[in-house]
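Visitor: Work out the full structure, taking the sequences as your base and the hints as a guide.
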Amino acid sequence: MSGILEAHNIAKSYGDFKAVKGVTFGIEDGEIFSLLGPNGAGKTTTISMLSTLFAPTSGDATIGGHSVTKESMAVRRIIGVVPQDLALYEDLTGRENLSFWGQMYGLGGAALKARVSEVLEQVGLTDKGNQRIKTYSGGMKRRVNIGVGLLHKPRLLFMDEPTVGIDPQSRRAILDTVKDLNRQGMSVLYTTHYMEEAQELSHRIGIIDHGELIALGTLQELTRSIGELETLRLHVTEDADAGRLAEALRTIPGVTRVDAADHQAVLTAPDAEEALPAVVSKANEIGIKIRSIDIEEPNLEAVFLNLTGRALRD
Amino acid sequence: MWLAAFARGIEIEVMKKLFIIGIKDLTLALRDRAALILMFAAPLVLTLGLGLVTGRFSGQSDNNGLRDIPVVLVNQDDGRIGAELVNVFTSPDVGTLVKPISDTDPAVARKRVDDDKVAAAVIIPAGYSASIIPAANNASGVPAGDKKIEIYVNPAQPVGAGVIRSIVDEFVARVQAGRVSGLIAITLLIENGLLKPADAAAYGQDFGRRQNGPAQTIITVRRTSDAGTPPPTVDILAVLAPGMALLFLMYTVTRGGATLLAERDNGTLARMLVTPTSATQIIGGKVIGIFLTAVVQVAVLIVGSGLLFNLHWGDPIGVAALVLAVAAGATGWGMVIAAFARTTAMVGSLGAAVMLMFGVLGGSFGDNFPLPDFLLALGKITPNAWGIKGFTGLASGGVLGDVLPNIIALCVMAVALFAVSVWLFRRNGFIKQ
Ligand SMILES: Nc1ncnc2c1ncn2[C@@H]1O[C@H](COP(=O)(O)OP(=O)(O)OP(=O)(O)O)[C@@H](O)[C@H]1O
Ligand SMILES: [Mg+2]
Chain A
1174 MSGILEAHNI AKSYGDFKAV KGVTFGIEDG EIFSLLGPNG AGKTTTISML
1224 STLFAPTSGD ATIGGHSVTK ESMAVRRIIG VVPQDLALYE DLTGRENLSF
1274 WGQMYGLGGA ALKARVSEVL EQVGLTDKGN QRIKTYSGGM KRRVNIGVGL
1324 LHKPRLLFMD EPTVGIDPQS RRAILDTVKD LNRQGMSVLY TTHYMEEAQE
1374 LSHRIGIIDH GELIALGTLQ ELTRSIGELE TLRLHVTEDA DAGRLAEALR
1424 TIPGVTRVDA ADHQAVLTAP DAEEALPAVV SKANEIGIKI RSIDIEEPNL
1474 EAVFLNLTGR ALRD
Chain B
86 MWLAAFARGI EIEVMKKLFI IGIKDLTLAL RDRAALILMF AAPLVLTLGL
136 GLVTGRFSGQ SDNNGLRDIP VVLVNQDDGR IGAELVNVFT SPDVGTLVKP
186 ISDTDPAVAR KRVDDDKVAA AVIIPAGYSA SIIPAANNAS GVPAGDKKIE
236 IYVNPAQPVG AGVIRSIVDE FVARVQAGRV SGLIAITLLI ENGLLKPADA
286 AAYGQDFGRR QNGPAQTIIT VRRTSDAGTP PPTVDILAVL APGMALLFLM
336 YTVTRGGATL LAERDNGTLA RMLVTPTSAT QIIGGKVIGI FLTAVVQVAV
386 LIVGSGLLFN LHWGDPIGVA ALVLAVAAGA TGWGMVIAAF ARTTAMVGSL
436 GAAVMLMFGV LGGSFGDNFP LPDFLLALGK ITPNAWGIKG FTGLASGGVL
486 GDVLPNIIAL CVMAVALFAV SVWLFRRNGF IKQ
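Protein chains in written order, with this note's numbering: chain A, 1174 to 1487; chain B, 86 to 518.
If you are wondering where the hints come from, they were derived from the structure by calculation, not from laboratory data. Misleading hints may appear alongside valid ones.
Claimed, not checked - What follows is a list of derived Cβ distance ranges for each label pair:
{"id": "1", "chain 1": "A", "residue 1": "Gln1393", "chain 2": "B", "residue 2": "Arg512", "range": "50 to 60 Å"}
{"id": "2", "chain 1": "B", "residue 1": "Glu98", "chain 2": "A", "residue 2": "Gly1482", "range": "52 to 62 Å"}
{"id": "3", "chain 1": "A", "residue 1": "Ser1186", "chain 2": "B", "residue 2": "Gly352", "range": "15 to 25 Å"}
{"id": "4", "chain 1": "B", "residue 1": "Asp350", "chain 2": "A", "residue 2": "Arg1345", "range": "27 to 37 Å"}
{"id": "5", "chain 1": "A", "residue 1": "Asp1300", "chain 2": "B", "residue 2": "Phe104", "range": "29 to 39 Å"}
{"id": "6", "chain 1": "A", "residue 1": "Gly1188", "chain 2": "B", "residue 2": "Gly486", "range": "52 to 62 Å"}
{"id": "7", "chain 1": "B", "residue 1": "Val385", "chain 2": "A", "residue 2": "Asn1182", "range": "50 to 60 Å"}
Quantities reported herein were computed from a predicted structural model and do not represent experimental measurements. Cβ atoms here follow ideal geometry from the backbone N, Cα and C, with glycine treated the same way.
Guide: Rendered as structure tokens:
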């Protein structure tokens, strides 16, 4: 196994609080690996340890064969980091920002100049390059923020929720950029709490919750792991008691699990269509009116729900 | 061989990072509109304003508006030191500043002060010279030095009285310095048989005279140039301009320190820390940034005030060296303030307080503040005090050598404060490992 990254049981505590509780995984060369998890799951903390910002409380990881704790300088030369929060100088132009960060990675002279133009092109900001960052829109700032991580052509790129809080168009552009970079051979560690992004981008996905890696594998492996269950989403009227409906549905044979969310009952079963008639008649029986029904093929949402009993976004 | 070259190459890379960060910070400072106003506009405007208040621009006045301060001198001393002090008051350098009259009776002199006729009475007691200079018959014994010059001041004329007091204080300080070194020299000469004890007194007086030197009169701010140019005058702007520059230099370094915490808060520090750059290099780069900004500020203020107010700052080499030293000393304070405060807001308020305190203690507002001695001594921790004294010294004809003590003091200050800031940063966890 020729992994670009191997993390062994890395953990981080803040006092008594364990933010990351011993996480082990690897990233193959040329792979996009997503860490999917809700707010506070420990995604940023994990990336910070792997990118040598701070040392793990215990455990270690190697990147390109170098230990992140003992050979941090060697690690830093082969990784690029796109932090979750923008880390740019608002009073410098896009070009000046890229130029500064390029120099911090040891670039200089004509090579730096050429590379800055190249990256500006790549993130689609060539015509805005000479304006100050503070005049940019949120999406444009995000793109510069990503560009900074690409300057020295890292072998492994860390991207921490790069699409948070931006318009769909910029988001689309960013996802395409990630795929593009990967096609050119860059490995990517991508964190997100959008399961659609993880599903679209990743070769493999790790699901992280409360500082623990609770599942790891390809999309298919993960959905299989929950028995290839399908999801039946029942939307009820405003005044109806979704909880009572969920309670009643539990008795239906073949149904593996039922949860209630606001005005919804979410049910998983190996074959949703087969269970449907029984579900409808049960609802009638207890006098709850169903407004609409969605049948969902297995997805990461279902996996997360199955593993934690919670929705990914709450 | 190649290993050494390789090592040097790495060293250059390390240093290069410091300047990359430093120049980035300088660029940002020069793009911060609020900073530009406080760095450049405020000190020039205040220099102009205070200059107007004190009358620099109202005609060809020869000094800061003070002239012909009336003083009565009572010289009961029959030695040469008393006469020397009287000479000081009548010398051409002090001539227009004070208007001395003589009297023989201390009581009459004090009465003149009480009647608000004069700003002060200076009473030199009988035997004053003898108490300072060892007489021939007791050359081996150290003289008591117990006689004191009395300055009887007029509270209604505090400024004039202050000038008189500073003239006398300065004179006494010089006499004492001359006495000490003179005594040692005289004792040595006697011991070696080169000087007859009987001649010691006269020699001592000459020694003191030579040490004070006719060129180093008390109140001159500029030395007479030998080219026969018009007599030197005290230019209040030569004191005000460096005063204001130093005052607002403290703003600049505080702001620079605050950017260190700002970079922590907005994530750029973390981002630097995941590039192949050590924490030490980053801190070093921030220091360079503050230093460069400080140098640019003071240099611009010097050139600007030179052009705007026709102010002559003196020996260019001395001025340049002092600018670097002043910037270094102030940078040290900027780092300590940043290390001491935990938030940028705290740096702001702490910095403003320090700026004003240093301004008062260090003489940015002129030395008219009636500060007690311990506060004057405390002023020595400020870059303001060393800088202002140095710049006025240069403006009055001093050269690099004359301000070397100031430069050294400022460099010592810089190194010590940098060490303190590193220690503080370590302690509060800003620098890890
Ligand atoms: N410096 C810190 N001190 C104390 N607790 C911290 C610190 N940094 C993070 N935590 C805690 O550690 C946990 C994990 O935080 P982390 O930022 O890694 O989550 P995340 O998965 O990145 O979340 P998000 O999606 O919101 O970015 C959270 O509970 C957070 O409150
Ligand atoms: Mg995060």
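Visitor: Are Glu98/B and Gly1482/A spaced within 52 to 62 Å by their CB atoms?
Guide: Holds: the Cβ-Cβ distance is about 53 Å, inside 52 to 62 Å.
Visitor: In this structure, is the beta-carbon distance linking Asp1300/A and Phe104/B contained in 29 to 39 Å?
Guide: holds, 31 Å
Visitor: Would you say the C-beta atoms of Asp350/B and Arg1345/A sit inside 27 to 37 Å of each other?
Guide: holds, 31 Å
Visitor: Check the following: the C-beta atoms of Ser1186/A and Gly352/B are separated by a distance inside 15 to 25 Å.
Guide: Given range 15 to 25 Å: holds, Cβ gap about 22 Å.
Visitor: Could you tell me whether the CB distance from Gln1393/A to Arg512/B stays inside 50 to 60 Å?
Guide: With Cβ atoms ~53 Å apart, the hint holds.
Visitor: Kindly confirm whether 50 to 60 Å is satisfied by the beta carbon distance between Val385/B and Asn1182/A.
Guide: The hinted range 50 to 60 Å holds for Val385/B and Asn1182/A, with Cβ atoms some 57 Å apart.
Visitor: Given a hinted range of 52 to 62 Å, is it respected by the beta-carbon distance of Gly1188/A and Gly486/B?
Guide: At roughly 58 Å between Cβ atoms, Gly486/B and Gly1188/A fall inside 52 to 62 Å, so the hint holds.
Checked against the numbered hints given earlier, this structure breaks none of them.
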